[in-house]
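Going by this note's numbering, the sequence shown wraps up at 724, each residue one higher than the last.
Careful, some of the hints might be misleading.
[Claimed, not checked] Computed list of lysine-lysine pairs in PhoX-like fashion (alpha-carbon distance at most 25 Å, straight line):
| id | residue 1 | residue 2 |
| --- | --- | --- |
| 1 | Lys425 | Lys621 |
| 2 | Lys658 | Lys621 |
| 3 | Lys658 | Lys628 |
| 4 | Lys473 | Lys658 |
| 5 | Lys473 | Lys621 |
Source of the hints: derived by calculation from the structure; they are not laboratory data.
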Amino acid sequence: MSKTKRSMILVVGLLILGLVAIPGYAQGPDVITATVDRTDLTTDEWLTLTVAISGRENSAAQPSLPALDGFQFAGSSSGTQISMVNGATSFQTVYNYRLRPERTGTLVIDPVTVVVNGQPVSTDPISVQVSQGTGQVQQPGSARSALPGGGMDPFDLFNMDPFDLLNSFGAGGMMPSRAPSTASLQFVPAPAELVGQDYYAEAVIDNPAPYQGEQVTYTVRFYRAVEPLGQTSFDAPSFTGFWSSAQPEQQDFRTDAAGRAYRMTELKTILFPTLIGETTIDPATLTVPGGFSNRGQTLQTQPVAVEVQALPAGAPAGFQGAVGKFGIQSEVDRTETQVGDAITLRITLAGQGNIDTVSQLNWPEFEGWRAFKSESQVDSWLEEENLVGVRAFERVLVPTTAGSLSLPAIDFSYFDLDAGEYRTISTDAIAVDVTPDGSVDNFGQTPVISGGAGEAVLINNDLRPLKVASEIGDGANLPLAVRPGYWLLWIVPLAMLAGQFIWQKRESSMFANAAAYRSRKAATRAHKALQDSRTEKIGRDIVVERILTTYIAEKLNKPVTGLTHDEIAELLQEQGVDPGLIARVLTCLAAGETSRYAPHSAITANGDLPAEADQLIDLLEQAL
Numbered sequence: 101m102s103k104t105k106r107s108m109i110l111v112v113g114l115l116i117l118g119l120v121a122i123p124g125y126a127q128g129p130d131v132i133t134a135t136v137d138r139t140d141l142t143t144d145e146w147l148t149l150t151v152a153i154s155g156r157e158n159s160a161a162q163p164s165l166p167a168l169d170g171f172q173f174a175g176s177s178s179g180t181q182i183s184m185v186n187g188a189t190s191f192q193t194v195y196n197y198r199l200r201p202e203r204t205g206t207l208v209i210d211p212v213t214v215v216v217n218g219q220p221v222s223t224d225p226i227s228v229q230v231s232q233g234t235g236q237v238q239q240p241g242s243a244r245s246a247l248p249g250g251g252m253d254p255f256d257l258f259n260m261d262p263f264d265l266l267n268s269f270g271a272g273g274m275m276p277s278r279a280p281s282t283a284s285l286q287f288v289p290a291p292a293e294l295v296g297q298d299y300y301a302e303a304v305i306d307n308p309a310p311y312q313g314e315q316v317t318y319t320v321r322f323y324r325a326v327e328p329l330g331q332t333s334f335d336a337p338s339f340t341g342f343w344s345s346a347q348p349e350q351q352d353f354r355t356d357a358a359g360r361a362y363r364m365t366e367l368k369t370i371l372f373p374t375l376i377g378e379t380t381i382d383p384a385t386l387t388v389p390g391g392f393s394n395r396g397q398t399l400q401t402q403p404v405a406v407e408v409q410a411l412p413a414g415a416p417a418g419f420q421g422a423v424g425k426f427g428i429q430s431e432v433d434r435t436e437t438q439v440g441d442a443i444t445l446r447i448t449l450a451g452q453g454n455i456d457t458v459s460q461l462n463w464p465e466f467e468g469w470r471a472f473k474s475e476s477q478v479d480s481w482l483e484e485e486n487l488v489g490v491r492a493f494e495r496v497l498v499p500t501t502a503g504s505l506s507l508p509a510i511d512f513s514y515f516d517l518d519a520g521e522y523r524t525i526s527t528d529a530i531a532v533d534v535t536p537d538g539s540v541d542n543f544g545q546t547p548v549i550s551g552g553a554g555e556a557v558l559i560n561n562d563l564r565p566l567k568v569a570s571e572i573g574d575g576a577n578l579p580l581a582v583r584p585g586y587w588l589l590w591i592v593p594l595a596m597l598a599g600q601f602i603w604q605k606r607e608s609s610m611f612a613n614a615a616a617y618r619s620r621k622a623a624t625r626a627h628k629a630l631q632d633s634r635t636e637k638i639g640r641d642i643v644v645e646r647i648l649t650t651y652i653a654e655k656l657n658k659p660v661t662g663l664t665h666d667e668i669a670e671l672l673q674e675q676g677v678d679p680g681l682i683a684r685v686l687t688c689l690a691a692g693e694t695s696r697y698a699p700h701s702a703i704t705a706n707g708d709l710p711a712e713a714d715q716l717i718d719l720l721e722q723a724l
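Turn these sequences into a full structure, and let the hints guide you.
Next comes the structure, spelled out in structure tokens:
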């Protein structure tokens, strides 16, 4: 072999080894970006806020959106792309949010926060310029999805295996095309349009005539007789007239057509129609990459027609468009309080249907209470291809009067698809005992009278006592200006005005920030609850775990609902609490939780759990 040929072989070998090694270095830490598809628009137009999360692990939580002041929120969609190369896995998740500006001028989208491996990461703020529109608001559309990819990414080269790398660098002509592996897949019938071509795509919908607000599933099926070189990019339709949620999970099947074996991949999107009448879902587009020896292809599905039916007449008052099957319940963090001391009312709505679009409840008037709005939280997932979820609403309530007060029932109306009728469900009314705030009122008290000479004489209970003349003394002849009572007449009103001003400032501060007030009172309530728990003979340790969890949530102004022990550890770590103290807190919580399943004698053998919780609360008060 000549020296030139040996040199060429060595160069090609080094090039291949270098390209194979690149993926290990190309996959860096998680990268979070937030972008918009336009920065100059009118009040008639919609923009798409895209949050992209790329990294080696799929450990990032769902983005936490800011307040979005000045924007109307229309819906969201998401998708996840997973790549495995040489044993290394990379993830890219994209969340799309559709927004419309509600006023003109320069609007700012505050930073979006994503929790990655327990650490919050924030994007940069985004400014958009908004001008006045004509008043004819466009229907919201959705941005290009990233499932499994929005166009060819610069790193697609690194996601190919060595076989595809050789094809891309000109060796493909020497190697046959690979058929997809289908041996372990479930068989499905082939469509009539699949007649032996290398690639084919179709789109179907499971219900072409749904009610407004009823779930429908839009499915794109991608058939391939040969594996493409690189990643196939997928552009979803705009889904105008629908609230959409792309599902990251993909399912693979196998089929046969014209003597060829095919691998079929399904991409599903959950849709909820928002507009009544006939509408058409535009074609989806799939771009199959090519190599040196073959050209790529662009596939389009057929458009899909949907006839959206109006819901039947007779909807109850307060109906907001919920369709499906739901349940509702309410609870308060305690049923005994005092005037000025806040409690938290939690309403939990759960069920199957368009729960993501239920943004608010029909709150009644809370007589005898000051109510403060809190954010709602939603968690939804697929269960047997149906969207189910739980949405929690909270209200911070501060009683303004003492007595036995009642929190009224909360009504929620929805259309039951199975029964074909509207239903209204309600929470139970909750009674709360409110005691006075402990201040002393000296007005109207009856003075104590004795019958001795020279003492006060009571005429009747409605009159103040009169002094006898012998008690007045010579002071009656003093000038008015030097009498102490004269100056008291000036000082007392001024002191009362000053006191009233200070009290009003305190009340205003308390009402303006009920969460901060609740945080200040958290330790007092927790200590009292622990003291009360000592009278419990069975289940005492379970109560201790709930008391400690509630104290930490109120202290850090976090909702108790869904707060796990791991999240508590992360929150305390963010506040700079000593790791040793955090470990003690987790041990105490775990002991309380274990008591749900272990015999009572086994739990009490570990020590006095309420006493340990008391000490932990005192230590946390110093640390937070």
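Now for the hints, and whether the structure bears them out:
{"no.": "1", "hint": "Lys425 / Lys621", "verdict": "39 Å, violated"}
{"no.": "2", "hint": "Lys658 / Lys621", "verdict": "14 Å, holds"}
{"no.": "3", "hint": "Lys658 / Lys628", "verdict": "21 Å, holds"}
{"no.": "4", "hint": "Lys473 / Lys658", "verdict": "14 Å, holds"}
{"no.": "5", "hint": "Lys473 / Lys621", "verdict": "19 Å, holds"}
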